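Each chain is listed here by its residues.
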Amino acid sequence: MNQEFELKLQAWVDGELPKREVSRLATEIERNPDAQALLAELKMTRGFLAGNEPEVVLPESREFYWSKIQREIERLERTPVEEPSIPWYLAVRRLLAPLSGLALVAFLSVLSINLFYQPDDPTRQLVETENLSEHVGSISYRSQSENMFVVYLYAKESESGDAEVDPEGAPVNDLFLQ
Amino acid sequence: MDPRRNMATNPEKSAEKPVVPDVKLVRRAQRGDMVSFEELLLRHRDKIYARAFSMMRNEEEAVDLSQEAWVKGWQRLKQFQGDSSFVTWMTRIVINLCLDQLRKQKRQRAESIELMEEESGGVERQMPTVTINPTAGLERKELRARIDKALGQLSYEHRTVLILHEFEDLEYKEIAKRMECSIGTVMSRLFYARRKMANLMAGYKREEMS
Numbered sequence: 001m002n003q004e005f006e007l008k009l010q011a012w013v014d015g016e017l018p019k020r021e022v023s024r025l026a027t028e029i030e031r032n033p034d035a036q037a038l039l040a041e042l043k044m045t046r047g048f049l050a051g052n053e054p055e056v057v058l059p060e061s062r063e064f065y066w067s068k069i070q071r072e073i074e075r076l077e078r079t080p081v082e083e084p085s086i087p088w089y090l091a092v093r094r095l096l097a098p099l100s101g102l103a104l105v106a107f108l109s110v111l112s113i114n115l116f117y118q119p120d121d122p123t124r125q126l127v128e129t130e131n132l133s134e135h136v137g138s139i140s141y142r143s144q145s146e147n148m149f150v151v152y153l154y155a156k157e158s159e160s161g162d163a164e165v166d167p168e169g170a171p172v173n174d175l176f177l178q
Numbered sequence: 001m002d003p004r005r006n007m008a009t010n011p012e013k014s015a016e017k018p019v020v021p022d023v024k025l026v027r028r029a030q031r032g033d034m035v036s037f038e039e040l041l042l043r044h045r046d047k048i049y050a051r052a053f054s055m056m057r058n059e060e061e062a063v064d065l066s067q068e069a070w071v072k073g074w075q076r077l078k079q080f081q082g083d084s085s086f087v088t089w090m091t092r093i094v095i096n097l098c099l100d101q102l103r104k105q106k107r108q109r110a111e112s113i114e115l116m117e118e119e120s121g122g123v124e125r126q127m128p129t130v131t132i133n134p135t136a137g138l139e140r141k142e143l144r145a146r147i148d149k150a151l152g153q154l155s156y157e158h159r160t161v162l163i164l165h166e167f168e169d170l171e172y173k174e175i176a177k178r179m180e181c182s183i184g185t186v187m188s189r190l191f192y193a194r195r196k197m198a199n200l201m202a203g204y205k206r207e208e209m210s
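Chains as they are written, first to last, in the working numbering: chain D, 1 to 178; chain X, 1 to 210.
No lab work stands behind these hints, which were simulated from the structure alone.
Just to be clear, a hint being listed does not mean it is correct.
[Said to hold, decoys possible] Calculated pairs, DSBU-like style, for lysine-lysine (alpha carbon to alpha carbon, straight line, at most 30 Å):
#, chain 1, residue 1, chain 2, residue 2
1, X, Lys149, X, Lys177
2, D, Lys43, X, Lys141
3, X, Lys104, X, Lys72
4, X, Lys72, D, Lys68
5, D, Lys43, X, Lys149
6, X, Lys24, D, Lys68
[Unchecked claim] Computed footprint of chain X on chain D; a stretch qualifies when at least three of its residues, placed anywhere within it, have a C-beta under 8 Å from a C-beta of chain X:
#, segment
7, 30-42
8, 53-65
All values derive from a computational prediction rather than experimental measurement.
Using N, Cα and C, we set each Cβ at its ideal position, and we do this for glycine too.
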């Protein structure tokens, strides 16, 4: 019998042998008288130990035994929980940690303003475009968010101050929507 | 929590009253009633001490460790959820304290060759199989006395694994966790502990006969 077989025998006695191995082990035990003897010894030992734990009585009186426990409990409950002493550099670091956090937030805020804020917002601007016409002026307006581009045309005032009209008599002011 | 609260009452004086179940005493103790805790100690002190003694085999150490277990029990009482009985919970505390103590002792002393042989079953493998029941005809008291004597002759590793398996009904896996070793080591230690136990008991029987 090798050790592995012996430990399997024991696991069987203790009910800890996997079920798939039980039948194979039983067959081997049937063929092996030494295994049968060992199995009987293991069962016997387990049997006489069960329910026969030696009885031991505390060798001290209840009062004396309890008084020591009580004193210890009282001592522990009286003792304040001491804060562990911290070295000065750790204390400074503890103080500086939130300050450095604030500084970082401020830095990131400034950085983001510089990166993302553009005073001439191209999505919303009023631009006078160059117009080569002597008679018609135009103003364009583009709104990216509203997906709109508006060109406002108007008649340029002549040097004499009269408004121009188109040849067909329609008003020059037109609105083109894109 | 004021531990002196309600201490004036002596639990032994309440012996005439109907027995209060452990569960109720635990609940009261969890609220800071130390008289209830003292009553629990009164009921279970021998069992907790016995477990410490069975593992340590030293009266003084067993008293100290069992007292430490009661102090820890009081401190951790709020963590007790009632998944097991109070005495089982307390027994686990004392077992863990004993295991810690035994580990410390083991680290302090040099490993002997004898112990190393015992771990690997060097001696027990050579032992003859016990075929006649050495406990037959023994009265329970005498049987327990012999078991106690035999336990005292085992190494602490063998004794502990035997106690945890036979008296605490722990499975291999649970013992391995508590003893911080593999399941294979638990099985091996348990096997050789049983073999040695059987042979020691057979030896006592032979002494009795001669």
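Quiz item: Are there hints from earlier that the structure breaks, and if so, what are their numbers?
Solution: Result: no hint breaks.
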